[in-house]
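Novice: One letter stands for each residue in the lines below.
There are 2 protein chains.
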Amino acid sequence: MDNPNIVVIGATGTVGTIFLDLLEKRNFPIGNIKVCASPKSVGKKIRFNGLDLLVEEVTDDIFDDADFAFVSASTEVSRNIVPIAANRGSIVIDDSSAFRMQKNVPLVIPEVNANDLKNHENIVAIPNCSTTQMVMALYPLHVKNPIKRVVADTYQSVSGTGGNAMKELEQQTDQINNGLTTSPDVYPHEIGYNVIPHIEGFLEDGYTKEERKMVEETQKIMHADNLAVSATCVRVPVFVSHSESLHIEFSQSMEVDTVKELLSNFPGVSVIDNPEQNLYPLARNSAGSDEVYVGRIRKDISTPNGIAMWVVSDNLRKGAATNAIQIAEEILAQNLLHT
Amino acid sequence: MDNPNIVVIGATGTVGTIFLDLLEKRNFPIGNIKVCASPKSVGKKIRFNGLDLLVEEVTDDIFDDADFAFVSASTEVSRNIVPIAANRGSIVIDDSSAFRMQKNVPLVIPEVNANDLKNHENIVAIPNCSTTQMVMALYPLHVKNPIKRVVADTYQSVSGTGGNAMKELEQQTDQINNGLTTSPDVYPHEIGYNVIPHIEGFLEDGYTKEERKMVEETQKIMHADNLAVSATCVRVPVFVSHSESLHIEFSQSMEVDTVKELLSNFPGVSVIDNPEQNLYPLARNSAGSDEVYVGRIRKDISTPNGIAMWVVSDNLRKGAATNAIQIAEEILAQNLLHT
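Line by line, the protein sequences are chains A and B.
Counting in our numbering, the first sequence runs from 15 upward without gaps.
Counting in our numbering, the second sequence runs from 15 upward without gaps.
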């Protein structure tokens, strides 16, 4: 087979930039590559593998000879573009929430449910960043001792919103440090020196869409329809990496050492858990890494079969770009590319 | 009865400063007042009720004619000073953790367990800040529908550590904004643009002392030894006000509207809960207020009798100074001052 041709949509965004970097670093096999972005970026050049790639407009025809289309754009853009790309024969790996819950769209974390890729109909969705790192920490435990319930509270970085949010955070802290007033734009409230319990829109039951994703996506990826999840998703003034406090209830009692062993042996997960040395996962230390870090592993003393833990991962990497490229690698490895 | 004489220990600290301000604003009856602090502050002057108070050294004799001693210092200082003051006849209202769990020391939130003051033996402890705001939100619900279990994850501001931590946060964000390296001092890791799942020292079971306090203090204040609590306490880059995500399991099913009504009617609690208008409690908006704010009230969809909510309060006010002065006011109202 020839090396696959690739189109990257959203190539100049926070995730797209990292994605291109990973394509290089992981030596992903590439025939030709085209990079697209929103009209304001069209005509710019992106350095890639020693070449200058010209940022192009997205057109229907651009997918015609593409084997893979990686889409990291808004949900609205994905809703328009993804079906077109899929119809023209590309396998679309989509980072938006637009198709994740569709029955004929595999929602995949390769370490967890690579088998689901077999049923793809040219669209594969990658999970929401807050879901991915949670499932990476839950799944290796769940196969040993089925999980009944998870309570998750998140501490999510602003890069999940995009580059504008990162600029807004820096600007607001600077303004506050200098005694100036701020004027929130990207978020409905100040994010500088604040925490906001509101990510994505609110639903009728009082949960946000982000919180709902952590329930539904987790159940779909783990094939565990009865797994109960309740989440509170909170934006914190951190640039990169999401942190999560998880309280897990298992079917049977679970020893802390067993949890550590299972997590340590799972690909893509690293245990950092030495409180005596003040060692536990930290957002700032995790930025730029592909790993999901787990620490503060202890019995949940409020319930018989409970475990509490702290999970941190770079939301732009395993939460987005890394997971996307891993899916493509898995599709090649499973020989699922119909060309 | 003459107005009570007062000694304030830790008068120049973050809590002491607010405490003196509240003494003025609430027109607390005062005979004479003495203010003490650590040696480096001795000799300074503090403006109070139009007078300049001279900061004195703490001596045993200073308590001889004091009716109330308010202590907001380190646990070590409290351990030394509090018994001396109590022996000399002062009623000590202590903000440290040194005496909270002693059987003969009432641990009091006046709205919740003012009756416990009747048994005081000259020492009254005020709860840890993260406990107080949680119990203020739990108690009015618990009396209606006994709570069986609470999972609490916190987002705690740096002012809980003190003024040095507030300076460190501002300095680090400034350094990071300017591309400089930071050197953590107050905390074991960078707090600028980071979250740290570590408040107070670690215990053998993997929990921190702060997390343990939220269990034991809650049980003591609410006279609910069987109430199961599990907490993860996390420091966030916020100056003032702690936020908490609570997941509560009741004995019976509980409607969201009932929760809102019970909380709205409880003194010291305000409900801010209008997601459609992006209204929910926020740390930055709550700083400087005596209230405990509750919002994001919804069914916990992961358990039959569950409610999830978001609780925010100024840790220096209701979490410390306000609660202390309310205790003194209650002691006067109940005529429990033995002079």
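Wrong hints could be hidden among the right ones.
For chains that are exact copies, the list does not tell them apart, and a pair is met inside one copy or across any two.
What the hints assert, rightly or not - Computed cross-link-like contacts, BS3-like style, restricted to lysine-lysine with a CA-CA straight-line distance of at most 30 Å:
{"id": "1", "residue 1": "Lys59", "residue 2": "Lys223"}
{"id": "2", "residue 1": "Lys58", "residue 2": "Lys117"}
{"id": "3", "residue 1": "Lys158", "residue 2": "Lys39"}
{"id": "4", "residue 1": "Lys274", "residue 2": "Lys162"}
{"id": "5", "residue 1": "Lys54", "residue 2": "Lys274"}
{"id": "6", "residue 1": "Lys158", "residue 2": "Lys117"}
{"id": "7", "residue 1": "Lys132", "residue 2": "Lys58"}
{"id": "8", "residue 1": "Lys162", "residue 2": "Lys58"}
{"id": "9", "residue 1": "Lys117", "residue 2": "Lys39"}
{"id": "10", "residue 1": "Lys59", "residue 2": "Lys117"}
{"id": "11", "residue 1": "Lys39", "residue 2": "Lys181"}
{"id": "12", "residue 1": "Lys117", "residue 2": "Lys223"}
{"id": "13", "residue 1": "Lys313", "residue 2": "Lys59"}
{"id": "14", "residue 1": "Lys132", "residue 2": "Lys59"}
{"id": "15", "residue 1": "Lys181", "residue 2": "Lys223"}
If you're looking for bench data, these hints aren't it; they were derived computationally from the structure.
Novice: If a hint holds in the structure, say so; if it doesn't, say that too.
Specialist: Hint check:
| no. | hint | verdict |
| --- | --- | --- |
| 1 | Lys59 / Lys223 | neither (35 Å within a copy, 54 Å between copies) |
| 2 | Lys58 / Lys117 | neither (38 Å within a copy, 71 Å between copies) |
| 3 | Lys158 / Lys39 | neither (34 Å within a copy, 60 Å between copies) |
| 4 | Lys274 / Lys162 | both (19 Å within a copy, 29 Å between copies) |
| 5 | Lys54 / Lys274 | neither (48 Å within a copy, 47 Å between copies) |
| 6 | Lys158 / Lys117 | within (27 Å within a copy, 44 Å between copies) |
| 7 | Lys132 / Lys58 | neither (37 Å within a copy, 75 Å between copies) |
| 8 | Lys162 / Lys58 | neither (50 Å within a copy, 59 Å between copies) |
| 9 | Lys117 / Lys39 | neither (33 Å within a copy, 62 Å between copies) |
| 10 | Lys59 / Lys117 | neither (38 Å within a copy, 71 Å between copies) |
| 11 | Lys39 / Lys181 | within (27 Å within a copy, 40 Å between copies) |
| 12 | Lys117 / Lys223 | within (19 Å within a copy, 47 Å between copies) |
| 13 | Lys313 / Lys59 | neither (52 Å within a copy, 50 Å between copies) |
| 14 | Lys132 / Lys59 | neither (36 Å within a copy, 76 Å between copies) |
| 15 | Lys181 / Lys223 | within (24 Å within a copy, 37 Å between copies) |
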